[in-house]
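Peer 1: Given the coordinates of chain A, assemble chain B onto it according to the supplied hints.
As given, the protein sequences belong to chains A and B, one line each in that order. By the numbering used here, the letter at position 86 of the first sequence is numbered 86, and the numbering carries on one by one without gaps. By the numbering used here, the letter at position 256 of the second sequence is numbered 256, and the numbering carries on one by one without gaps.
Any given hint might turn out to be false.
No distinction is drawn between identical chains; accordingly, a pair holds when it is met within one copy or between any pair of copies.
Claimed, not checked - With a straight-line cut-off of 25 Å between C-alpha atoms, the simulated DMTMM-like cross-links for lysine to aspartate or glutamate are:
#1 4 / 222
#2 4 / 223
#3 43 / 248
#4 36 / 21
#5 263 / 46
#6 4 / 46
#7 162 / 190
#8 104 / 71
#9 4 / 41
#10 263 / 41
#11 124 / 71
#12 104 / 222
#13 43 / 250
#14 263 / 44
#15 14 / 133
#16 43 / 251
#17 263 / 71
#18 14 / 121
#19 194 / 310
Simulated from the structure, these hints should not be mistaken for laboratory data.
Protein chains: 2
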Amino acid sequence: MKTKPSIIGTGSTKFGERWEDGIREMVSHACVNALKSAGIEAKEVDSLFVANCFASSINGQSNLNALCSDELGIQNAVSIGGADAAGAYAMAQAANSIMSGQSKISLVLGVEKMSDLPITDITKITSEILEQDFEASTGATLAGLYAMITLRHMKEHGTTGKQLDMVSVKNHSNAVENGISQFKFKVTREDVAKSPMVADPIRVLHCAAPGDGCCAIVMCSEDISKRYKNKARIIGTGIGSDLMAVHEREDITRFNSVISASKNAFANAGIRLQDISFAEVHDSFSIGEIIAIEDIGFAKKGSGGRLIEEGHANIDGKIPINPSGGLKGCGHPFAATGIRQAIEAFMQLNKMAGKRQIKDPKYALTESIGGTGATAVVNIYSL
Amino acid sequence: MKTKPSIIGTGSTKFGERWEDGIREMVSHACVNALKSAGIEAKEVDSLFVANCFASSINGQSNLNALCSDELGIQNAVSIGGADAAGAYAMAQAANSIMSGQSKISLVLGVEKMSDLPITDITKITSEILEQDFEASTGATLAGLYAMITLRHMKEHGTTGKQLDMVSVKNHSNAVENGISQFKFKVTREDVAKSPMVADPIRVLHCAAPGDGCCAIVMCSEDISKRYKNKARIIGTGIGSDLMAVHEREDITRFNSVISASKNAFANAGIRLQDISFAEVHDSFSIGEIIAIEDIGFAKKGSGGRLIEEGHANIDGKIPINPSGGLKGCGHPFAATGIRQAIEAFMQLNKMAGKRQIKDPKYALTESIGGTGATAVVNIYSL
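Chain A with its partners taken away, still in its complex shape (with noise of 0.2 Å):
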């Protein structure tokens, strides 16, 4: 088998709305930590990721690697985008990296720092993700297709508000247990249907609220990764595209992106879905982790949501999704999600999740989204 990148270290600020941090502080924190988990020294590492989506449009920032090249003293940097999807898309260039011989260690880091401007702004900023000629330019938001999205998927497949709360439910109730999570509280049903109304169907509560934060992982070659006890070992990586605009695409209830990264994943992990232990998802809204239970086949079309209803994607279900606490629990401050889901992986891999390990997991999966679907990113590791 050809060699594989393995993940050896890992660092996190907290998610939140972090008031006494710029871009250059939770930069230092994460990757200061990420590196000492590793034991690693900054001029060990022979190239950095920097994953962001939005440091120019909300920060003033577009010369992002030269900033983390100075604030690290590591020479080898890179920008990388792809809107929310942008820290696995680092993760993948790190791995190409590494893969071709140019690095035998990699830091990659994703950082967001979306709390300067108010809700209002925001939602503006974050429609840049979209399409801008016929979705952005008309007043579209990402919330207002997630709707059309929702709502397509309820009349077309019978997904119920219900299960749409439910995921809410569980991924509150899985922050609570993740020491960097922003919403660490748990909510009801009842709690979720009452929110406040954001884009009909979706409420505040199915909405994974902007933030942030930044988290870091060290990457290293093979035979490097044999010293460590601890490491995660990425072994499949799927990338994937559809059209950009929502109205274009002849079935809206799926993410051809999701589709077509996640058999590309498997394809080159060399395992079947059924290996998968569990898997963190893109719940950017509550539609999309029923939809990418759907597209990756651990249900089948339409009963998705009825899997998160019947508690199996629970962290003691036969297929737990986002034990973390996901987009929704966590926090999404855009770049660092990515990053923030494979540290995830890592911890459970390794049964370090405390009290929100899953029982021996031997695979998870971690699928990532860049906008309405547009893109997607799925990794597979194992131990």
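Peer 2: Chain B only, in chain A's frame:
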């Protein structure tokens, strides 16, 4: 020797103020031409690398890889940043993808659409690639900081106003023969010396103008390149960085990023400085070309200006610099520039450069800068 990637096709829009085109139209034009020149169809492309700097800030588009995937029908696409070096950074990522075996054929594009805003806004937006806390927030601009670098270089090393002017005279003269250049007219030394002052001692004709444009190249693995007669092999790449804020550097007349990137590129390529037949360097301001000449090693520190004044950097000189016309003559759509330099290397090595053709070039070098020397990428090419 290790497998190296090759460039086998190129495409470009003309640089300038392209009022009739958006990002989509420019991407489509450059990529279709690049694929056509290589005889490759989009479906044969394994990965797409999209370099850009200001689509978020200027065009309100923060998901450019999704947009390019949609436009070109290529699924595996990623967005790469790195300020005005973004194009060169994207090439390095494509090289990793090819050398790792993940891709056989990659398409790499750099695109920028900057003329949608007036120049006063552009000056503020280009400051986003500077350090924020101590530089941009105090009102420093790219031209302002380069003016300080220029003054210090004049004081420390005796570089003269005439030498700075001659950079512009040479590059304008070369640009006349380049089909894609924005400024297809010659200027005299007097024209430069009398042009309006921007930031003393930098005048308008010492500055590269921001603009619109897209460049694309097809890169492939060594085995595929064997089918091609016209190609340029990328035999060495080096990436370097320096402290981001100019005032923190010990000596502002040299760019440590360039020194380090150049050293790594030569080590990687296994050739010597004297093997290089010509170079494309980052003359965003005239002093940038002089510093590049010195820091790469074509002239000793302090004698870069003399090299130009004495005509040695002319197309028929001993080491031609910027035969394309450089950033000054071609125009400078930030992320397109790094790819444009690679296209010049391809054209010159394959003797396709028409009236600006250098006699029998064997090895080419390109140098791309992010910001005021915060980062640099150096590539070395052979036939």
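Peer 1: Decide, hint by hint, whether the structure agrees.
Peer 2: For each hint, the structure was consulted:
1. 4 / 222: So residue 4 and residue 222 pass the 25 Å test inside a copy (6 Å) and across (22 Å) alike.
2. 4 / 223: both (10 Å within a copy, 23 Å between copies)
3. 43 / 248: between (48 Å within a copy, 20 Å between copies)
4. 36 / 21: The answer is within: 21 Å in one copy meets 25 Å, while 49 Å across copies does not.
5. 263 / 46: between (31 Å within a copy, 15 Å between copies)
6. 4 / 46: Close inside one copy (17 Å) and across copies (19 Å); limit 25 Å.
7. 162 / 190: within (9 Å within a copy, 76 Å between copies)
8. 104 / 71: For residue 104 and residue 71, only the intra-copy Cα distance (21 Å) is at most 25 Å; the inter-copy one is 35 Å.
9. 4 / 41: within (22 Å within a copy, 30 Å between copies)
10. 263 / 41: Between copies, since 23 Å is at most 25 Å while 37 Å is not.
11. 124 / 71: between (30 Å within a copy, 24 Å between copies)
12. 104 / 222: both (9 Å within a copy, 23 Å between copies)
13. 43 / 250: Answer is between: at 21 Å across copies they meet the 25 Å cutoff, but 50 Å inside does not.
14. 263 / 44: Only across copies: residue 263 and residue 44 sit 19 Å apart there, 35 Å inside one copy, limit 25 Å.
15. 14 / 133: between (36 Å within a copy, 24 Å between copies)
16. 43 / 251: between (49 Å within a copy, 23 Å between copies)
17. 263 / 71: between (38 Å within a copy, 23 Å between copies)
18. 14 / 121: The answer is within: 23 Å in one copy meets 25 Å, while 36 Å across copies does not.
19. 194 / 310: within (22 Å within a copy, 78 Å between copies)
Checked against the numbered hints listed earlier, the structure breaks none of them; every hint is satisfied.
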